[in-house]
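Asker: Chain by chain, the residues:
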Amino acid sequence: MRKYNYSLIAGLIITAFMLAVTITAHFWTPYSVTAMSSMSKNLPPSAAHLMGTDNFGRDVLSRVMSGCGTTFFIGMCTVVIGAVFGTIVGAVTGYFGGILDAVIMRINDVLLSFPSVLLALIFISFLGTGKYKIIIALGVMFIPSFARIVRSEVIRIKSQDYVKSARVMGAGSLRIIFVHIIPNIRVSMLTAAAVGFNNAVLAEASMSYLGLGVVPPEPSLGLMLSEAQQYIFVAPWYALFPGIVIALIILGFGLISEGLRGLAQK
Amino acid sequence: MKRKPYKRISLGVMILTLAAVLCGCGGGAGSSTVDTSSKETAEPAASASADHEFTFGLDSAIASVDPHVDTDAATRSVLFNVFEGLVKVTPEGDVAPAVAQDYKMSDDAKTYTFTLRDGITFQDGKAVKASDVKYSLERSAKINGDSSALSVISDISCPDDKTVVITLKSADSEFIYNLTTEILEEANDKDQGSKPIGTGPFKVAEYKEGEYIDFERYEGYWNKDLDCIDKAQIKFYDKADTAFTELKAGSIDAMWQMTPDQVKSLGDGYNVVESTMKLVQGLFINNTYEPFKKVQVRQALNYAIDRDAVDKLLLGGGSKKINTYGYPSVPEWYNADTEGTYKYDVDKAKQLLADGGYPDGFDLEITVPNNYNLHVQAAEIMKEELAQIGVKVTINPVDWSTWLSDVYQGRKFQATVIGFDFTSLAPSTWYVHYQSKSDNNMVNFSDADYDKTYDEAKTETDKDKKKELYNKCQQILTDQAASVFIEDPVNYIVLRKGYTGFASYPIYVIDLSSIKAE
Amino acid sequence: MKYLIKKFIALIITLLVISMLTFIAFSLIPGDAVLSRLGINATPEAIANMRAQMGLDDPVIIRYFRWLAGALHGDFGQSMRYSTMTVSQLISSRLPVTIIMAVMSLIIIALISLPLGMLSARVSGKWLDGLISQVTQVIMSIPSFFLGILLTVVFGLIFKVFDVGGYVSPDKDFWGCVHFLILPATAVALPRIAMVVKYLRNSVVTEMKKDYVRTAVSKGAGKRWVLYRHVLRNALIPVITFVAMVVAEILAGSLVIEQVFNIPGMGRLLVSSISTRDYPVVQAAVLYITAIVVIINFIVDALYQVADPRIRNA
Chain A
1 MRKYNYSLIA GLIITAFMLA VTITAHFWTP YSVTAMSSMS KNLPPSAAHL
51 MGTDNFGRDV LSRVMSGCGT TFFIGMCTVV IGAVFGTIVG AVTGYFGGIL
101 DAVIMRINDV LLSFPSVLLA LIFISFLGTG KYKIIIALGV MFIPSFARIV
151 RSEVIRIKSQ DYVKSARVMG AGSLRIIFVH IIPNIRVSML TAAAVGFNNA
201 VLAEASMSYL GLGVVPPEPS LGLMLSEAQQ YIFVAPWYAL FPGIVIALII
251 LGFGLISEGL RGLAQK
Chain B
1 MKRKPYKRIS LGVMILTLAA VLCGCGGGAG SSTVDTSSKE TAEPAASASA
51 DHEFTFGLDS AIASVDPHVD TDAATRSVLF NVFEGLVKVT PEGDVAPAVA
101 QDYKMSDDAK TYTFTLRDGI TFQDGKAVKA SDVKYSLERS AKINGDSSAL
151 SVISDISCPD DKTVVITLKS ADSEFIYNLT TEILEEANDK DQGSKPIGTG
201 PFKVAEYKEG EYIDFERYEG YWNKDLDCID KAQIKFYDKA DTAFTELKAG
251 SIDAMWQMTP DQVKSLGDGY NVVESTMKLV QGLFINNTYE PFKKVQVRQA
301 LNYAIDRDAV DKLLLGGGSK KINTYGYPSV PEWYNADTEG TYKYDVDKAK
351 QLLADGGYPD GFDLEITVPN NYNLHVQAAE IMKEELAQIG VKVTINPVDW
401 STWLSDVYQG RKFQATVIGF DFTSLAPSTW YVHYQSKSDN NMVNFSDADY
451 DKTYDEAKTE TDKDKKKELY NKCQQILTDQ AASVFIEDPV NYIVLRKGYT
501 GFASYPIYVI DLSSIKAE
Chain C
1 MKYLIKKFIA LIITLLVISM LTFIAFSLIP GDAVLSRLGI NATPEAIANM
51 RAQMGLDDPV IIRYFRWLAG ALHGDFGQSM RYSTMTVSQL ISSRLPVTII
101 MAVMSLIIIA LISLPLGMLS ARVSGKWLDG LISQVTQVIM SIPSFFLGIL
151 LTVVFGLIFK VFDVGGYVSP DKDFWGCVHF LILPATAVAL PRIAMVVKYL
201 RNSVVTEMKK DYVRTAVSKG AGKRWVLYRH VLRNALIPVI TFVAMVVAEI
251 LAGSLVIEQV FNIPGMGRLL VSSISTRDYP VVQAAVLYIT AIVVIINFIV
301 DALYQVADPR IRNA
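Chains as they are written, first to last, in this note's numbering: chain A, 1 to 266; chain B, 1 to 518; chain C, 1 to 314.
Mixed in with the good hints, there may be bad ones.
Stated by the list, open to error - Pairs of lysine-lysine, DSBU-like flavour, derived with a Cα cap of 30 Å: (1) B/K129 with B/K169; (2) A/K133 with B/K412; (3) A/K133 with B/K239; (4) B/K239 with C/K160.
Derived by calculation from the structure, the hints in this document are not laboratory data.
Between the sequences and the hints, there should be enough to build the whole structure, so can you do that?
Answerer: This is the structure in structure tokens:
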């Protein structure tokens, strides 16, 4: 009897769908993403505009489709930065230990316990706003959590027999870390990546709310949601649809991470 | 096999919850428009009951209660209720005697003699003396230095307790407008920052930094005919959206600068006053940025931006469109002939751009302060419009402090969207902004003819001639397309039913003494 | 005792490093407190006067040490934006609200997530477990500011059970303040509830598989009795460590939620002080937040050792 991993499957389906939307938006959207029209301000959803229009008369569906791309891009890049540097830091400190480990992990703990939005706020005040700057700010902030996970996994695995035997056989430290250890912790890293992605999407939304997010008129789901606050009584659909889509994206990744955890436990 | 159906059910349930949570809430938001508006009509009577204090929501906080030190728009608009000058700005756009009963200007416009109002007192009950006036003017002049409008004073003398004679270094027929400078009590010198004592209709009952300021009527106010609310609060918000939600929920009674859509969504439990924001909003361009050195390019931008479309998209179309740096709300010093100079014309704009040497357009960075939604949104609209003539705009939102230091002071920018308000009714204090050597000449405009005309206008004592010269100044700004002047944005002020009034002034103020409870 | 001293020194070093970093960052950002306060109508002389008065003309390094010298004596200086207030006055008027809200959020989290997590663990693998995990997953996916807005609209404007904008300061009416903070605290708590539930559930499930539980059950002890008597205690240990992270998250969450509900707490003070370049306030606020987080981390560490003797001995 085969037991299906429903979380993973549902997560993959949702995420694949959102990715398909994103890719489609790259080539085609029902209307222009930026063209404005004072004639069609704040129209409710209809056959012509499935998700209605916003305060500038732009089609919300088109903007949501295109906004998915921005949101995915920010989430992905943030996770990649966090994962790559976090893995390096975590693997090195975990493997070698000693003073370096103690010092870096102290810094890590402080960063980890420091409110992340606050850090981002300081970062952005310093770097300025914009898509790439947000990615850098969030990416840097995500390094500690990855480092911590990787480090504890590395410590767990490095005392296992196969790693010991590899060392006895004369494998270099780097080789052991990257060939023997990292591949074995890929599931926890994937889980961490999925969680990190979600946090990045949520953080981007909060940053937009504080006016530090993506630069308008480029659509991002977080920015749309925060812009929509002004029109929540006038055009509730403007808040509703980006909200649903953010929830879907996060739900997709959340389910994937849960499914992966299920896989790991087997 | 046993577990499978459960799993399937729970997946279904999950999708349903997602839908329910979001639709439920969103749907709720939609239906609330109907819901609350019908309830609100019943409520206002209760809200305006005697013990309820009138609360006005302001989307920024004041900096202090010292009017001489803090001269930013928000602080001025609020402290207007507490302090008065020898004269006071009127809703009609002129100045009327306040602390002074009347005044005389000498024929050479160099000596101003004031007689203080009989029985006028400070809010602590002490009589206002001529020495308090002297103290106040000197204090403000000292804090604001040589560039302040008061620096033209050479001497202030007080022949008796009721008379103040101000002598100027040079003739200045506009000087009276600068005597709105607040009169403070000399005996309170050490505590002006913490214990505000003015002569205005309201005194400060409590001030919580960054939260609110409470006012109550000053019983000894000189104008006994004043009929208005007794208590009021001005509450500060970081975001106008939050204030709007509270207005809708009924915890505050009034707000300004609302969009027509917002006004509509409030339903009919409110009185709406239409005014303008008393700003010159525009795309201000750095005249030393390479493409903008050519007048044709500046004019091209003026033709390419459709002021009507900007206004309709931003504020529904009720704003006063302008083509020069001037305040239509003060018709006396505004050149209305400049209106309509630049009619939206993309072809003409392209032609001018080509004449100026940029047939394919150029890149333009518009820096906007991110705390002003109005300006950020305007920049978004302009980006779309400028794309039509090949000007590729990138928007650079910065925070207010960065904007002040980099754009306004440092002049390190290509273009920016902002609105200028004015502190004084003296036209020289506005038009100096385009004088080539002025500290306030943010756009680096430089035109010898303008400088000459401005100097003549400022010193001219004949009012008609003066107006003609200032009109010429404005005409030069239009012809030279010093920037893209767009509009004085429409300002919808909303008061919960039960309150009426809210006088509209030519300057940016909240006059609580104009609000009455029904 | 030696352990305590060591921890205390680590705290001081952390605070020093953070104060230095904030100071440097602030000196690099464009704009200063005076410009942002006086705005565009100020004369150059007024700006220069105020700068001189506030000591902004001195080089960063001198300003830092002047600040440090004051801070060591417990004097954090004057606010630059609100110059009649000392930083300590400003913070002590703002800190209580945020702390009350944080404590309330923690209570809400505990009240909801403990039973829910235990329930979820008890029925692990069944449909109810799946339902709980997916509902919490959905709630977690709503950005906190939006959740705040939704709560305001639903409870404040439609059902009218929440007094929107009815904030009263705790020293005027403590229970009134608590009453007002229920909704904001819920908005801060909700997304974290999901995390705690998930964490607790997994921890309990892992614990349930351990031998001692099997032994107890096989000896005839009721499953529920074992669950509450033995398992919960052990399962809570990893959850406690998680609480420190939740506290940091609550403080960060309140940064946004305070804006949504217009609550004059530390979060709003911090955000507005950053944008007005009021660095003495930023400096002190950041230090307060860091200190709170570090101290809670320390308490959690201590609790952890009390709860799990193995660690104490190690």
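Asker: Would the pair B/K239 and C/K160 pass a check requiring their Cα atoms to be no farther apart than 30 Å?
Answerer: Distance ~22 Å between B/K239 and C/K160 Cα, so the pair holds.
Asker: Please work out if A/K133 and B/K412 have their alpha carbons no farther apart than 30 Å.
Answerer: Given that 30 Å is the threshold and the Cα spacing comes to 21 Å, the pair holds.
Asker: Run the distance test for A/K133 versus B/K239: straight-line Cα separation, threshold 30 Å.
Answerer: holds (24 Å)
Asker: Run the distance test for B/K129 versus B/K169: straight-line Cα separation, threshold 30 Å.
Answerer: With Cα atoms ~24 Å apart, B/K129 and B/K169 stay inside 30 Å; holds.
When held up to the earlier numbered hints, the structure conflicts with none and fits them all.
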